[in-house]
Every structure is written in structure tokens, then in C-alpha cells.
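Asks: Since each chain comes alone in its own frame, lean on the hints to assemble the complex.
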Amino acid sequence: MKKTFLIFLVFMIGFTAFSSLKVALLLNGTLGDKSFFDSAARGVEMAEKELGIEAKIIEMGYNPSEWYPTVDDISYMGEYDLIIVGTWQMVDIIAELAPLYPETDYVIFDTEMDYGKENLDNVYSIVYKQNEGSFLAGALAALVSESSEFKYSKHDKNIIGFLGGMDIPVINDFLVGYIQGAQYIDPKIKVAVSYVGAWNDPAKGKEFTLSMYRNGADTVFAVAGETGNGVLDAAKDTDNWAIGVDSDMQLLYAEKDMNIVNHTLTSMLKNVDYSILRAIKLYTENKLPLGTTESLGLKERAVGLADNKYFRSILMNADPEVLIKLKDLELDIIRGDIEVNTAGGMSNDELNRIRNSVRP
Amino acid sequence: MNQMNNTLNGIFSWDFISAGIRVTTPVLLAALGALVADLAGTPNIALEGIMLFSAFVGVITSAFTGSLFIAFIAGILTGAVMAAILAYFSLKLKTDIIMAAIAINIFSSGGTIFALSVLTGDKGSSASLKSYVFPSVTIPIIDKIPVLGDILSGHHIITYIAFIMIFVVHYILYKTPLGLRIRSVGESPKAAKSVGISVMKTQFTALIISGVLASLGGLFLSMGYVSWFAKDMTAGRGFIALAAQALGGSSAYGVALGSVLFGFSEAASYSLQFMNIPYEITQSIPFLITVAALAFYAWKKINYIKKIKNNIRK
Numbered sequence: 001m002k003k004t005f006l007i008f009l010v011f012m013i014g015f016t017a018f019s020s021l022k023v024a025l026l027l028n029g030t031l032g033d034k035s036f037f038d039s040a041a042r043g044v045e046m047a048e049k050e051l052g053i054e055a056k057i058i059e060m061g062y063n064p065s066e067w068y069p070t071v072d073d074i075s076y077m078g079e080y081d082l083i084i085v086g087t088w089q090m091v092d093i094i095a096e097l098a099p100l101y102p103e104t105d106y107v108i109f110d111t112e113m114d115y116g117k118e119n120l121d122n123v124y125s126i127v128y129k130q131n132e133g134s135f136l137a138g139a140l141a142a143l144v145s146e147s148s149e150f151k152y153s154k155h156d157k158n159i160i161g162f163l164g165g166m167d168i169p170v171i172n173d174f175l176v177g178y179i180q181g182a183q184y185i186d187p188k189i190k191v192a193v194s195y196v197g198a199w200n201d202p203a204k205g206k207e208f209t210l211s212m213y214r215n216g217a218d219t220v221f222a223v224a225g226e227t228g229n230g231v232l233d234a235a236k237d238t239d240n241w242a243i244g245v246d247s248d249m250q251l252l253y254a255e256k257d258m259n260i261v262n263h264t265l266t267s268m269l270k271n272v273d274y275s276i277l278r279a280i281k282l283y284t285e286n287k288l289p290l291g292t293t294e295s296l297g298l299k300e301r302a303v304g305l306a307d308n309k310y311f312r313s314i315l316m317n318a319d320p321e322v323l324i325k326l327k328d329l330e331l332d333i334i335r336g337d338i339e340v341n342t343a344g345g346m347s348n349d350e351l352n353r354i355r356n357s358v359r360p
Numbered sequence: 001m002n003q004m005n006n007t008l009n010g011i012f013s014w015d016f017i018s019a020g021i022r023v024t025t026p027v028l029l030a031a032l033g034a035l036v037a038d039l040a041g042t043p044n045i046a047l048e049g050i051m052l053f054s055a056f057v058g059v060i061t062s063a064f065t066g067s068l069f070i071a072f073i074a075g076i077l078t079g080a081v082m083a084a085i086l087a088y089f090s091l092k093l094k095t096d097i098i099m100a101a102i103a104i105n106i107f108s109s110g111g112t113i114f115a116l117s118v119l120t121g122d123k124g125s126s127a128s129l130k131s132y133v134f135p136s137v138t139i140p141i142i143d144k145i146p147v148l149g150d151i152l153s154g155h156h157i158i159t160y161i162a163f164i165m166i167f168v169v170h171y172i173l174y175k176t177p178l179g180l181r182i183r184s185v186g187e188s189p190k191a192a193k194s195v196g197i198s199v200m201k202t203q204f205t206a207l208i209i210s211g212v213l214a215s216l217g218g219l220f221l222s223m224g225y226v227s228w229f230a231k232d233m234t235a236g237r238g239f240i241a242l243a244a245q246a247l248g249g250s251s252a253y254g255v256a257l258g259s260v261l262f263g264f265s266e267a268a269s270y271s272l273q274f275m276n277i278p279y280e281i282t283q284s285i286p287f288l289i290t291v292a293a294l295a296f297y298a299w300k301k302i303n304y305i306k307k308i309k310n311n312i313r314k
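One line per chain: the protein sequences are D and X, in this order.
The numbering of the first sequence is the numbering used here, which starts it at 1 and goes up by one.
The numbering of the second sequence is the numbering used here, which starts it at 1 and goes up by one.
Warning: the hint list may mix true and false statements.
[Stated by the list, open to error] Residues from chain D shown here face chain X by an in silico Cβ test under 7 Å; the list is partial: (1) Thr30; (2) Asp33; (3) Phe36; (4) Thr111; (5) Gly197; (6) Ala198; (7) Pro202; (8) Ser211; (9) Asp233; (10) Gly304.
Simulated from the structure, these hints should not be mistaken for lab results.
Small disclaimer: the values here were computed from a predicted structure and weren't measured.
Note that beta-carbon positions come from the ideal geometry of N, C-alpha and C, so glycine has one too.
Pulled out of the complex, with its shape left as it was, chain X reads as follows (with noise of 0.2 Å):
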């Protein structure tokens, strides 16, 4: 009982509040990203190997330069060249989109090892590189309310970015001519062809910014989460990421909840393993429930066309 009452506080503390957020981050960025790239017609699931270089070139960049800033942008850049490439591999050569990223996300997991392996001598981690993190933030007066400080303030800096871009694509997506030219486009791009909409301009924008975002949450993993790049470190979150997008259909905020949701589930995973669970359970809870909430997803959506049918007979 005991144990049971430790375990609970483990559970339901602001620490394990401030771990699900840190888990959510970079899988919530790498969601919206593939938001936009999907709403767009043009599934980007290169997402995992866009985060790891971009992880890769923020701690290199910030290494050699010193500078935070310049990380930033390169790391940014990066994840915008990598999308332009398959953008344009799928959109003017005609590759098909799915195996171009494939190949995106091979070459990611070697070009990253080689290139440090030709600047560091390393094949396995830039440890022994002295590179540097983007800072937390604490928001002042806020920090000092009880509970609400421990929620809202401290987190990384990357994390605040991260739920502002929630707002962000939103508005994009539903309140500007370009996110009704992506949605147009993906739901039917002969019909906006035909009212002038440029198919693949359109196209071609929101697979940039869906590495832009990406690339964020590569820059976490490497310059926050941890302080050094290690290979494969993004470790199958721009899939997880595709799944947490699946869950929360067309809106950022669906996507966000999704992502919120699998990043907590993995959270109480890691506290509940202190419980009497053999760990093989425990660390199957966040794929479980994310399976079960797309099963919930698919059996609301069925529901709902049913009675958009019965609607139309009667």
C-alpha cells in the first residue's frame, strides 16, 4: 500500500506534470508539422529524419560558432532544405512521396554519423564536443504563484514555442488565404486548380513549414532534452509524431490533444515502473492507448457519416 501511495504521488506530482510536457514537446512539434504537410495533400513522413538532422546541425553549429542564435537558425534551415528536397523530389521529379522520405530518413541516420564522424572523429555521439543548449525560461510573478508557477513556468524554451505554434498553425491553417489555398489543395487539387490556386507552390510551402517544425523538436531533443547529439537519438518520435496527428484529425488542437496524450501516457509509463508491473507492460501503455484512441477516433468518425446518410435518405 505503501508502495502504491509512493508510486500515486510519483504520478500526480509537478514533476511528473513538467516530465509529460518535456515528453510532449518534441513529438507535438513534429505532429503540427505533419499537420500541415497532410491537410496539404502531401503526407511528409520524413519528419523523424528532418528532426534528426536538424538535431545533429543545431549542436555542430552552436559547437563551432558559440552562438545560440546561429544554432537556431541553422537547425531551422536545415529542417526547411531537407522538406524543400522532398518537395522537390515528389513535386517536380514525380518521385513518389512515401519513398522519398524513406530515403530522406536512411540517409539522415548516416549522412548525420558521417558528417560527425568527419568533423569529430566519433561515429556514436558528440560528447566529447563542448556545444551548447538553449536555455529554460522562467516567466517572472507567474513563477512565484504556487501551483500555476509550477505548470506554466521553468520549461525550456523550445517547449513555450512549441505550444504557441499550436496557435500559430492554427491561425495559418483557418484564418489565412494560405492555409485555405493547403486545405483546398488537399482536399481537392483539380477544383483548385481550376480557381488559379498554384497546386504545387502551395504544396511546396506546407512541406516547408512542416520541416521548419520538425526541425524545432529535433532542436530539443539535442539542445534541451539532452546536451550532445547521439545517433538515431530521435528514436522513432517523427512516427510516434505521425500517430499523434492521426489521433487528433485536421485540427491543432486535436493534434495537440493527441500529442499531449501520448506524451503524458509515456510519462506515467516511466513512474509506474516502480510499481509491482513487469516493464514490458509498462512501456506498451502509450502505444495501447494511443491504438485505442484511434479506435475511438475511427468508430466516432463511422458514427458520424452514418448519420450524415441517414440524414441524406430521409
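One chain only, chain D, in its complex shape (with noise of 0.2 Å):
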């Protein structure tokens, strides 16, 4: 008895000892949102088999409340290397825990942490350039309203539509890319804004859409959460175009509604996935930049138009041409011939005069 005991000892001595990489990644948030979460937790799990990390996915929920308890629990028992969260509202919350906990490493994504401040050496951010990815929804949609091809193109309208779920600094970049994207293939273009100031109500996103769509758009990009949802049921019930995000709506719906599919071009995604794969890789080979911001775009394959097989079929069918015009257009971003426009560190004054600029 006492010889097992013993052996079992030295076998958990050995098991501390040589253990692989401990990955906590706390979710603000449940499994499930088929978007961003899902992508984090997506990507721990190809750590996990890739570079065989032990990971532990923790979901804190919805009520702000106990994020921070949980993140301080989390690191003060110390059992984890590195911790990952994700969305601006951990920012305040890893600003004053980091500190406190030197040992151990964090990745916030999606956000990033103001490094001129505070003593944040141990915490790296990862941001997306949703402005790139939006800057080829914006081609894409001003291709597809000005061609006659497209069935369900107005296309002597020349509006697109944009819906963000609220007016903040991350929603306005993908405005920003969105609004460029388009001019750059029609400089005369108009784009309807809309926010709807909240995220859980799709009911009132498609009353939003119909409304931009009774005054002449025929594309509208949603941004808006699960609230952007009802932009795919407004264009499925008025025969109008919808682009959808984060998540491929069109591989979503496809089991429930093929009229949806058939009225959606594309999603434009963050592939939080990868970019999180990205971050722990470097972290075993010790080359993550820790203590700084890292921008991550098309280049990093973190931002993208979703490319499956309806994208492709309601391209091809209508003008095979312009699927040729985007790919020409991400590899400018990608080399940097196009340099696309941000929303961080803008001015409201110059966010204003852009949306007015276009305004139908």
C-alpha cells in the first residue's frame, strides 16, 4: 500500500513537472453564439490537438458581475500559463489583474489594452482588421447593386445599406472599411446607415432593413449581432441582398431556410480561430510579443469573406466577373497597394462627415 502510494507520488511529481502548456480560456460569455465564442473556443481546441496543450474552457455568463472574480480565481491559483479572454469589456478588468499576477500570461482579443499606462508586460492583444474585410463587403456590395446581372440588384438606385448593432469604435470600423470599399468601385455610391442600439433584438433589425430598403438600398450589411439576423429574414421577405457576420449565416441557415441562403452573398469573418491558434503557437516557441498590440487582417488570414459554395454558385450564376474583381482587390490589401482606412483614433468629427458624405 505504502509502495503504490509512493509510486503515485512520484508519478504526480513527474506529471507536474514535465506537464505541457496549461491554456485557460474564459469566455464573457456562453458556447454556442455560433460566432465569436464558439471561434475562440474552436481555436484553443486545434491548440489542443495540434500542439498538445492541456486547455480549459470556463464560461462566465452574461452578467458582468462575475467576470472579474472569476479571472481573479482563475490566475490566483496559478495553475494556468496563460489565460485568454476576449471583447472590450475585459479590458478594465485584465488592466488590474495583469499586474497582479506577473507568473502568468494573458491574450485579450478583439480589443486592446491601453500599453501606456499600466505595467501590462504580460499581457498581449490581438485586434482584427475588420476594416479589410469590410473594405471587400463594401466592393462586393457595390459590385453586386450596380450590375443588372444580380436578380435582386436595383441597380439604377446605387444605395447599399449598413446596420450596426451600436455607435462604438469597433462597429465604426467596419463602417469605415465598408464605406471605402464601395467607393473605391463607385465613387458616387450611397450608403444608408443605421445603428439599432441593441444586440438581442432581431425583430427590430428586419424592421430597420425593410426601412432602408423601402428608400432604395438593396444590399445591407449587418453588423449588429444576433439583432443582424433579422437583415437575412428582411431580405428573404422583400428580395433583397443581405451580408451577414462573424459567423458563415449562409452554412448556418442552410438546414433551416434556403430562401435565406439565396438572399445572402457572403459573411464577412473574424477568424478568431486562427488567430488564437497563432498566439499560443508563438507562446510554446516563446515569440509572442507580449506587452504589445498586434493587428492581425487579410494577410493573417483573421478577417475574410466567407467562401463556400452558395457565395460562389450566386456569383457565378450572375457575373463570374466579380468574383475575379475581389480576389484582385484583397491581394492590393494583402500586398498594400490599398491602404484601408480606420475608424481607431478617428475623430467623431470625421466619422460624421464620412457617414454624411454618403448619405442617400
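Replies: Laid out in C-alpha cells, this is it:
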């Protein structure tokens, strides 16, 4: 008995000494959102498989009062080498906790820390160049809207639409890229811009979109979380186009309603999974630039349009030139020939000027 | 100027009227429910949760049975059962009715997501589930009449039910013995008891009626407005209904007017987005109108009471 215990103890000590990297993903929401959090979890799972790390995914739920104590507890336990969190809502929490636990390293995605203020040498921020992906979405919307080959286009109107969840910097970064992309195709194009002010109200999102379609828009880019799904329903009901965001909406709706799929051109994706896999990989190689922010874009495949069979068949059946044009634009951005504007650091006046210049 | 004209065209179009009617429908149904419960002296603030749960059960039932009729019955039963739970806790076990209602609202928000994830594996929406929607109704002959046809025909079936319910609720409250009992119990439970009315039974009935009305609003959201269930998709409509009810006072017609006022000002705020007005302002229009209407109502009521007092003094 004593011997077994001893062997067990030796084994345990050996195990802890040689154990692999331990990563905790703390989500300030729940899995199953078919979007951001699912994608982050996928990234961690890929890392588990490919890099042989040990990972734990913790769903902290949507109640903000539970986030701070959970991150604090997990950091205090000291069991995990790397703690991954995401979204702007976690910035203040990490800014407070990361300096208290210098032994632990943190990754925060889709937002960045203010490195000038505090000692945050153990935090790495990932931001996405959603403006680059949105540039392609805007170019696609303009190409489709002005072509007479696409059956739901009102090609004499030259109006496209943008439905945002809220008037906040991240959403406006989508908007700025979208407008620039559309104007790259046609400098005179008009963009109807609306903000719903809610992330969980698809009925309201649908109503806003119907109003945009009534006013002459034919393609609406939905950047509003669950609210944005109302855009797809509005497109289906009134024979217009929609562009989804974050997750591949066409694949999501393929089982349910092909009518929605056929009215959706594509979705602008943020590939959180690849960016997290990349971060963990760099971390295992000791190459992760902690204490800095990296913006990942088309080049790193961190953003991009969803390239699925429905997207291809809509474009190929109508006008294959559009597909070629999009690929060219993508390469131009990757090479740096086209520089996409960003709303980061843009003043409110500048933003209003852009919005007013394209108002229908 | 051209832009202004476009917007005005947007507001004064038949499309705008049908948008207003769509926005009004769920609020109207819940507000009628709030009215019945309120008149019985048991304010039902669980409307939000009841709507949400019915929206969920309707979608799930339609997906698993393929039958709209069964989904409809299941949705309504859900509303009735949840209202009965609220009634049981507050009337039988004497919990504070506001507390019990808050519990139901929180339970619905979490419970629907939990059930959704158990049944489908998703926690955000039922977008991957093949569910069905209730049809829209085209009224023959009337839909051929130019203006009137646009206004009266082609709406969702639950929208018609909602507007019929205005008269049904009015009839129940003011023309039937049950309505008289509901109102007397709400006015003075002791007096009602003294003439042999069972207070508990009446309040139970009133709460269940209000639950059924709210459940119709929920079914409209997930099986008409859009074709899936999403977490917390009622987005405060149950509470807006309470405001609409307060606006309308104790009359079903007043409550309907309050809901319509709210629905149309909300629809107007969507169209106003295209004018050069900051969206924070256009979005607060429905609430500003609600506050203004409440203030107007209070002012009228105070005047009315003053008048009565003066008459008594004379």
C-alpha cells in the first residue's frame, strides 16, 4: 500500500514537472453563439490537438459582475500559464488583474490594452482589421448593387445599406472599411447607415432593414450580432441582398431555409480561431510579443469573406467577373497597394463627415 | 429638401403603416394582458418572461411536430401555465407578486437558453432548426380596394387576432359577470368577498388570461416577425407593454391606443434614421412620446379629481 502510494506520488511529481503548457480560455458569455466565442473555443481546441497543450474553457456567462472574480480566482490559482479572454468588456478587468499576477500571461482578443498607462508586460492584445474584410464586403455590395446581372439588385438606385448594433468604435471600423470599399468601386455610391442600439432584437433589426430597402437600398451589411439576423429575414421577405458577419450565415441557415441562403451574398468573418491558435503557437515557441498589440488582417487570414459554395454559385451564375475583381482587391490589400482606413483613432467629426458624405 | 421629401414619403406610406402595425402587435397583446391582470389587483410584470418562453416553445414545437396548430396550442398553454405558476406563488403561497414575476423573467431568460442548448446544442438562437411561421392573411375583395386594401389586408394572422382581442378583452371586462368580478376584486377585495366572490379564483383567472394574451405576443415574435427564436428576443417589449397599459388606464380601447401610439412612434423613428438627426435622438422618440403621454394622462387625471372635489365642496 505504502509502495503504491509512493509510486503514485513520484508519478504525480513527475507529471507536474513535465506537464505541458496549460491554457485557460475565459469567455464572458457562453458557448453556442455560433460566432465569436465558439470560434475562440475552436482555436483553443485546435491548439490542443496540434500543439499538445492542455486547455480549459470556462464560460463565465453574460452577467458582468461575475467576470472579475472568475478571472481573479483563475489567476490566483496559478495553475494556468496562459489565460485568454476577449472583447472590450474585459479590458478594465485585465488592466487591474494582470499586474497582480506577473507569473501568468494573458491574451486578450478583439480589443487592445492601454499599454501606455500600466505595467502590462504580460498581456498580448489581438485586434482584427475588420476594416479590411469590410472593404471587401463594401466592394462586393457595390459591385452587386450596380450590376444588372444580379436578380435582386436595384441597379439604378446606387444605394447600399449598413446596419450596426451600436455607434461604437469597433462597429464604426467595419463601417469605414465598408464605405471605402464601396466608394472604390463607385465614388458616387450612397450608403444608408443605421444603428439599432441592441444586440439581441432581430425583430427590430428586421424593421430597420425593411426601412432601408424601402428607401432604395438593395444590399445591407449586418454588423449587429443576433439583431443582424433580422437583416437576412428582411432580405428574404422583400427580395433583396444581405451580407452577414462573424460566422458563416449561409452555412448556418442552410439546414433551415434555403431562401435565406439565396438572399445572402456572403459573410464577413473574423477568424478568431486562427488568431488564437497562432498566439498559442507563438507562445510555445517563446516568440509571442507580450506587452504589445498586433493587428491581424487579410494577410494573416484573420478576417475575410466566407468563401462557400452558395457564395460561389450566386456569383458564378450572375457575373463571375465580380469574383475575380474581389480576389484582385484582396491581393491589392495584402500587398499594401490599397490602404484601408480605420475608425481607430478617428475623431467623431471625421466619422460624421464620412457618414454624411454617403448619406442617400 | 429632396432628402426631406424622401423621408416624408417614407413616413406617410402604406409600408410605414404596416411597419407600425407590426411593431404594435406584440406590445398590444402584452398590454391587454397587463390590463386584465392590473384590473384584478394583481399587476403582472412577468409578461416579458411569459412572452419569451412562449416564443421559444412555439418554435421548438413547430420544429419537432411540423404542425402549426400544435405549436399554437403549446405556445398558449405555456403562457397559461407560467401565469398559473405566478398566481400559485403569489396567491396561494403569498409571495410578493413583483418578486415572483421577477423570478419568472430571470428564469425565462436562462431557462429558454438552457432548454435550447439541451435540444439543439445552440445557445444563441434556433437558426439551425427548421421551424415554421404562421401565415399572413389576405382578405379577399377588400385587398382589391386601393388604399383600404393596403391597410386592412395582408397582415400576419396574429396581428388580426391582436386587434380582435381589443374588443374581446373589452367585452369580457365590461359586459360579462367575470369582468365585473375581476374589476370588483381589483377595486376592493374585501367588499368583493363580502358578497360571496372568491377573490383567489378571480385573480387566478385574470392572471391566466393575461398569460395567454402575452403568449400570443411571444408567438408573433418568433413565428411571424422573424422565423426563429433568439435569446432574450423579447428585448423589453413586455415592459413597454406595461407602460402602454399605464397610458391607456383601465379601458381596453385606451390600452390599444397607447400601444398603437408607441408602435407607430417606434416605426417613425426607424424612418427618421435617414434624416440628418443623430440616431440617439431618433431612438428615444418612442420613449419621449410615452413619457409625454403619461404626463398628459396624469395631468388630466389630477384635473378630473380636482373637479370632483370642487363639485363635492359645492
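Asks: Give a verdict on every hint.
Replies: Taking the hints in turn, this is what the structure says about them:
1. Taking 7 Å as the C-beta contact cut-off toward chain X, the hint placing D/Thr30 at the interface holds, the least distance being around 5 Å.
2. For the restraint placing D/Asp33 at the interface with chain X, the shortest Cβ-Cβ distance is roughly 4 Å, inside the 7 Å limit, so the hint holds.
3. Because the beta carbon of D/Phe36 sits about 10 Å from the nearest beta carbon in chain X, more than 7 Å, this interface hint is broken.
4. Given the 7 Å rule on beta carbons, the hint for D/Thr111 is violated: about 21 Å separates it from the nearest Cβ of chain X.
5. The interface hint given for D/Gly197 holds, since its Cβ lies 5 Å from the closest Cβ of chain X, which is under the 7 Å cut-off.
6. Interface restraint check for D/Ala198: the shortest CB-CB distance to chain X comes to about 6 Å, inside 7 Å, so the restraint holds.
7. At about 5 Å, the closest approach between the beta carbon of D/Pro202 and any beta carbon in chain X falls short of 7 Å, and the interface hint on this residue holds.
8. Taking 7 Å as the C-beta cut-off, the interface hint given for D/Ser211 holds, the closest approach to chain X being about 4 Å.
9. Checking D/Asp233 against chain X by beta carbon gives a least distance of about 5 Å; that is within 7 Å, so the hint holds.
10. Taken as an interface hint, D/Gly304 does not check out: its beta carbon lies about 22 Å from the nearest beta carbon of chain X, beyond 7 Å.
Violated hints, listed in ascending order, are 3, 4, 10; each of the other numbered hints is respected by the structure.
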